[in-house]
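Chains as they are written, first to last, in full-length UniProt numbering: chain A, 1 to 216; chain B, 1 to 242; chain C, 1 to 220.
Worth flagging that the hints you see were computed from the coordinates, not collected in a lab. We put the beta carbon where it would ideally sit given N, CA and C, even for glycine. Please note that a few of the clues may not be correct.
[As the list claims (entries may be wrong)] What follows is a list of derived Cβ distance ranges for each label pair:
(1) I55/A / A108/C: 43 to 53 Å
(2) A40/A / R203/C: 24 to 34 Å
(3) R45/A / H212/C: 27 to 37 Å
(4) R37/B / Q51/C: 47 to 57 Å
(5) N47/C / A168/B: 42 to 52 Å
(6) L126/C / S33/A: 47 to 57 Å
(7) K223/B / L112/A: 35 to 45 Å
(8) E54/B / D6/C: 47 to 57 Å
(9) L112/A / Q183/B: 29 to 39 Å
[To be verified] Residues of chain A placed beyond 10 Å of chain B at every Cβ, according to the derived structure:
(10) G30
(11) S47
(12) V48
(13) L91
(14) S120
(15) C122
(16) L125
(17) Y133
(18) Q138
(19) Q153
(20) K171
(21) Y199
(22) K210
(23) K211
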Amino acid sequence: MVEFTNYDILRNLLFATQWTILLSIAAFIGGSSVALLLTAMRLTRNSVMTKVVRIYVELFQGTPLLMQMFLCFFGLSMLGYEISAWGAAILSLTFFTSAFLVEIWRGCIDTLPKGQWEASRCLGLNFLQTLRYIILPQAIRVATAPTVGFSVQVIKGTALASIIGFVELTKVGTMLNNATFEPFKVFTLVAIIYFLLCYPLSWYSKILEKKFNVSR
Amino acid sequence: MSLVNLHQVHKYYGDLHVLKGIDLDIKAGEVISIIGRSGSGKSTLLRCINGLEEYQEGGITVDGNEVTSEDIQVRRLALSVGMIFQNFNLFPHMTVGENVMLAPTIVLKKSKSEAEQIARAMLEKVGLAEKFDSYPEKLSGGQQQRVAIARALAMSPKVLLCDEITSALDPELVGEVLKVLEQLAKEGITLVLVTHEMNFARDVGSRVVFMHEGKVWEEGDSKTLLSDPRTDELKQFIGAVL
Amino acid sequence: MLYFSDLLQYSDVFFSGLMTTVELTVLTTILGVALGTACATTRQYGNKASQRAVTVYVELIRNTPFIVQLFFIFFGLPALGMRLSPWEASMIALTINLGAYSTEIIRAGLGSISKGQIEAAKVLGLTFRQTLTRVIFVPAFEKIYPALTSQCIIVMLGSAVISQISVEDLTYAANLVQSRNFRAFESYLVTALLYLGLSILLRFAFNTLGKHLFTYRATR
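Extracted from the complex, chain A is given alone in its bound form (with noise of 0.2 Å):
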């Protein structure tokens, strides 16, 4: 049996980290890319694609992000596409970003006065006019805070890509678990590393929410 210094767990957990930041970095352009189409879908008003984007969000958020993996990895492969375990997890993680995004994105278009749609109505811009110059700018300052705390989700959320067997700092846990029978300084290394990625962004959030309702 291979001996593990300590050296050699902390090694192996912050290689593996890189993957769940690349997997944490992808699944947020992933979900946010969706999220922009979902948030553009429903501003049109449209009734049909307002039903979609609400059924979609339905879906997501009323189902469990590792069912959703599951799904995208096994289900996926059983009706003949073949997907990695990457592919899955990125795909999934999509999915659940963009669900919530589109919620929180809707909620800060929300908070801007109708007043505003209704002044650049009058002054006579259209609807594209009015959302680039109007409300945009205002929602995306509205949005950065909130978005930026769930960030921290998604790198939570990465962590369940370890059960479909992506080998990221979940799994590299469990696999120095089974070699070195330490879980407690194992897991306490790994829950510190995902403290470390997660907590600045949670700090920075927070920082911007106070600035914000500052400014205001």
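With the hints as your guide, set chains B and C onto chain A.
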């Protein structure tokens, strides 16, 4: 020739009958004050004229064009109808100058320098030329409302609709806004105001429209009407306000 | 082709998994919200040291994944001499997790109660405990009730992970069924829909409960 014409306009909010057959004819250069209790439909009437609200029956024309609430129509309307709101509705993320320049640049497609020229001139007119680079939140309510007026004027509208534009202001700030309106009236701009300012309606306005229960209850020359109301409802209303 | 009919013979497996998930959800909701209430009260009105302790707890939990918390409790704590069954470990992990999130939420509710309310109660001679239970809690909880109940549903959905330490919950049932009949897609789809139904049901239950809890407005 009439600039704004309303013919038998009916408006419902679900079961609620808000406007019950409004007839109104506004000529260029008139200053019309619409008065009445809250809930009498006066703001709704104003919002129908610029297409912010739909109406179900009747017809409205502005400068000969039919008004509907369809997006494209509202935008064409914006070229002839300006609107000032009770809550200013300035765009908080833009400076005063940018607020005024926005529509001339992206709707009228004027060059930036031309738009800036217009903006400066309009801000000059409302006495706020020096606030060009300030953000709205740094201004008092009265100043914000004057910027809103400048913003509407920059589109050189044929008629300016004012929806209780002094109601959200502290009493000491009302005067500066009314003074700007008075100046505009003198220059011959057509104004339609929903207002509680009876003195302004009498002294500056040319005509008063008293609305009650969704109808034009009484209308006429402002001085005569306010000093000698014919209906009990208007008498009561004037008694309550003054 | 999808074969859902094959799943029918496993309905009892799904049902028993569903019941485990429901049972854990009900228990952890009660315990987690109780823990959150205690922590939020401490955080809002306690002394400096206890406030700091609560902050550390909340931040630690909120900034680490639930699955790591679960593994730490289930695998890690026995190393310190605390032996826990999978079910116990899951209970504890879920309660601690919900406790941290609900602390944040409830604290926001407590913070929304104006000082005047507390002063008025004091002037009337109420003790601090009476002020809390009679004056502060009801409006505070009413304010954050939607956020708190959504968090409970999020924790319920997150509980799918406990199948990993072989608690026989709904996800465990799904894994079991798909390993027997090799119909992963159908099995997980049905399970996902069961979770969806559960979260809709929970939301309905919470709304109904909320109407009963906060009736004082309507009856006035």
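Review point. What are the numbers of the hints the structure violates, in ascending order?
Key: 1, 14, 15, 16, 17, 18
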